[in-house]
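Listed below are the residues making up each chain.
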Amino acid sequence: MKGDPNEQVLLKALANNDSKAAETIYKDNFNMILNFILNNNGSYDEARDIFQEAMITLYQKAKSGSFVLTSQIKTYLYSVCRRLWLKRLQQLGKTTNGIENYETVVVEDDVEIHERQNAELGIMDRALNSLGEPCKSLLEAFYIEKKSMDQIALMFGYTNADNAKNQKYKCLIRLKKLFFSQYNIGE
Amino acid sequence: MEDILLLNSIERYLEGRMLEEEKNFFEALRQNNPAIDQMVVEHKLFLHHMNEYADVENFRDSIHTIHSKLSATGEVRNSEEPEGFTGKVVQLWHRYRKVTAIAASIACITALFISALAMYFSPSVDKTQLERLSRDIAAIKANQQVTNNTLKEVAEPKIPKGAIVKTGGTAFLIDGKGYLVTSAHVLAGSGAIVTDNNGNEYNSKILSIDQSKDLAILKIDDKDFKPVKNLPYAIRRNQPDLGEELFTLGYPRDEIVYNMGYLSAKTGYKGDTTSCQLSLTANPGNSGAPVFNKNGEIVGIITTKQTQAEDVVFALKSNNIFKLIDSLRTTDTFFKNVKLPTFSTLKNMDRVSQVKKAESYVFFVKAYN
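Quick note, the sequences are listed as chains A and B, same order. Each residue of the first sequence is one higher than the one before, counting from 1 in our numbering. Each residue of the second sequence is one higher than the one before, counting from 1001 in our numbering.
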């Protein structure tokens, strides 16, 4: 099955953080995955988690320039969700027999890459969370919310941007220490 | 403090915010000082992870928002049972459809097995295989009105007022004085009227019914009836021959209908020697119809047809008419003057002329209560 050109456009928009694209994909596929999870011993919340995980996988793949869609987005998401759900069931020690299987594409590698990335993100997450305030919020404002130093100075009550910048670097040094204590460069 | 400055420089360097001169200076520093180079590489890696983390976190946030929005507007389902009761049923169906399919298959096989057993052990019923060719009430009723209206009848219909027509069939004259032969099962009622092919109705009396042979004698008892001197056809005393070409005249509808065929067996249903098997088309209403051979001799009276086969019709052999009359003569002097025609004047005539001569003596019988 070849990728639909419309879907290629959709994926490009997704990679460029176009929330409309994400919404379209979400709307078109969530109910299908929900049915799949519900029919295979899952709950609504589990379906939502699995689906969002699959959306992130798709997003990461779309962002990595090398991604060429070889199947429909629907098939891809279904395959990823199915794989993730099987793994989840195995972790919980539940039976995985009789999990329905429609047409799927091979996504084992993608899921593995996604999980490795998730592990790395987990390191960053833990490092950030063990920083304590105000470092955590400050760094998040700068790196995640992409605020300027002037805005940050205003938000956190620093007299000027340079003060905020100094504070930020202090926090950054601590964060890096925490991060690299977990993260093995040689890996 | 130095660390902070250094980090600031590295970040500016990596983000490409350094001026050309400063950048050259920094790159030289990097080359000469492996520790600084190490820090640059490390920070680059860190920033990469941080950006990735930021991206995914932002995306995660955005799809959370999307989920809340879409489930609020109902564009995606917002609970496990969104479609109410049917949703639950569908869900149950999905969950148990394999079990259901297996159960259904077993039920199906069992049902087939039982019906096969039942069919194997139950005795076959003759009744279902033979269909009497008298016309049933409904058909007659439906046509009665039409018949009465369209026939060139001036007089009142001869059926007594309030009488219900039960069955209909065919009868034919065996004696010009008004004696008719028909099938016993045609006369389900207590009285009968007969109609000729011109639509003239005559009252008639049932003289004798032989249910075992399915044969009955009627007598026209009507002042309008003019006795016939000589009947054109004969009634054959001998057995018919296999393969003999035959034709019949009867009233499967309100008009006389001609059909032809041949004698296909010398015995009737299940080897009945009093009747024979014909191959021709017969329909309800043909019961009691005369079967002629090509010489215009009546060889039989149509009685039944096999329901499971096409064009398998049974006729009572004509010698039974002789037998019946003979037996009646011994008990009832009334039958002494009945004289059956034994000489056919239709011999060597073409079929159209034969039919023209014979059709006036074939009647439509309606039995009523």
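If you're looking for bench data, these hints aren't it; they were derived computationally from the structure. Ideal placement from N, C-alpha and C gives every residue a C-beta, glycine not left out. Wrong hints could be hidden among the right ones.
[What the hints assert, rightly or not] Per label pair, the in silico range of CB-to-CB distance:
1) B:1024 with A:145: 31 to 37 Å
2) A:18 with B:1034: 42 to 48 Å
3) A:145 with B:1093: 46 to 52 Å
4) B:1024 with A:174: 29 to 35 Å
[Said to hold, decoys possible] Straight-line C-alpha distance at most 20 Å; calculated DMTMM-like pairs for lysine to aspartate or glutamate:
5) A:20 with B:1075
6) A:177 with A:110
7) A:63 with B:1055
8) B:1339 with B:1221
9) A:176 with B:1311
10) B:1069 with A:45
11) A:136 with B:1057
12) A:170 with B:1015
13) B:1044 with A:110
14) A:176 with B:1042
15) B:1069 with A:49
16) B:1266 with B:1245
17) A:177 with B:1042
18) A:176 with B:1075
19) A:136 with A:110
20) A:147 with B:1326
21) A:165 with A:145
22) B:1323 with B:1210
23) A:12 with A:110
24) B:1266 with B:1311
25) A:165 with B:1011
[Claimed, not checked] Every beta carbon over 12 Å from chain B, so not counted as near; a handful from chain A, in silico:
26) 71
27) 159
28) 165
Hint check:
Roughly 34 Å separates the CB atoms of residue 1024 of chain B and residue 145 of chain A, a value that falls within the hinted 31 to 37 Å. Remark: the range hint 42 to 48 Å for residue 18 of chain A to residue 1034 of chain B is upheld by a beta-carbon distance near 43 Å. Between residue 145 of chain A and residue 1093 of chain B the C-beta distance comes to about 47 Å, which sits within the given range of 46 to 52 Å. The hint said 29 to 35 Å for the Cβ distance between residue 1024 of chain B and residue 174 of chain A, and at roughly 31 Å that hint holds.
Proposed proximity of residue 20 of chain A and residue 1075 of chain B is supported: the alpha carbons are some 14 Å apart, at most 20 Å. Between residue 177 of chain A and residue 110 of chain A, the direct Cα distance comes to roughly 30 Å. Violation of the 20 Å bound is thereby established for this hinted pair. Straight-line distance between C-alpha atoms of residue 63 of chain A and residue 1055 of chain B comes to about 10 Å, which keeps the hinted pair within the 20 Å bound. Pair hint residue 1339 of chain B plus residue 1221 of chain B holds up; C-alpha atoms about 18 Å apart against a cutoff of 20 Å.
Restraint check for residue 176 of chain A and residue 1311 of chain B: not satisfied, since their Cα atoms lie roughly 101 Å apart, outside the 20 Å limit. Between the alpha carbons of residue 1069 of chain B and residue 45 of chain A the distance comes to roughly 16 Å, so the proposed pair stays at or under 20 Å and holds. Only pairs whose Cα atoms come within 20 Å are accepted, and residue 136 of chain A paired with residue 1057 of chain B is accepted, the gap being roughly 14 Å. Using a Cα cut-off of 20 Å, the hinted pair residue 170 of chain A and residue 1015 of chain B holds, with the two alpha carbons roughly 19 Å apart.
With a C-alpha separation of about 25 Å, the suggested pair residue 1044 of chain B and residue 110 of chain A falls outside the 20 Å cut-off, and the hint is violated. Distance check on the hinted pair: residue 176 of chain A and residue 1042 of chain B sit about 9 Å apart at the alpha-carbon level, within 20 Å; holds. Proximity of residue 1069 of chain B to residue 49 of chain A is assessed by CA-CA distance (about 16 Å); at most 20 Å being required, the pair is judged to hold. Taking the CA atoms of residue 1266 of chain B and residue 1245 of chain B, the gap is about 13 Å. The hint holds against a cut of 20 Å.
Of the pairs offered as hints, the one joining residue 177 of chain A and residue 1042 of chain B holds, with about 11 Å between alpha carbons and a cut-off of 20 Å not exceeded. Annotation: proposed proximity of residue 176 of chain A to residue 1075 of chain B is violated, straight-line Cα distance about 43 Å (limit 20 Å). Note on residue 136 of chain A and residue 110 of chain A: the hinted pairing is violated, with a Cα-Cα distance of about 31 Å set against a maximum of 20 Å. A threshold of 20 Å between alpha carbons decides the hint, and for residue 147 of chain A with residue 1326 of chain B the separation of about 126 Å lies outside it, so the pair is violated.
Between the alpha carbons of residue 165 of chain A and residue 145 of chain A the distance comes to roughly 16 Å, so the proposed pair stays at or under 20 Å and holds. Between residue 1323 of chain B and residue 1210 of chain B, the direct Cα distance comes to roughly 11 Å. Compliance with the 20 Å bound is thereby established for this hinted pair. Distance hint between residue 12 of chain A and residue 110 of chain A is fulfilled; the C-alpha atoms sit about 18 Å from each other, no more than 20 Å. For the hint linking residue 1266 of chain B to residue 1311 of chain B, the alpha-carbon distance of about 16 Å falls within 20 Å, and the restraint holds.
Restraint check: the Cα-Cα separation between residue 165 of chain A and residue 1011 of chain B comes to about 12 Å, which is no more than 20 Å; the hinted pair holds. No Cβ of chain B comes within 12 Å of the Cβ of residue 71 of chain A; the nearest lies about 21 Å off, and the non-interface call holds. Against the 12 Å criterion, residue 159 of chain A stays outside the reach of chain B, whose nearest CB is about 17 Å from its own CB. With a closest Cβ-Cβ approach of about 7 Å to chain B, residue 165 of chain A is found to fall inside the 12 Å limit, against its non-interface label.
When each numbered hint is compared with the structure, violations occur for hints 6, 9, 13, 18, 19, 20 and 28.
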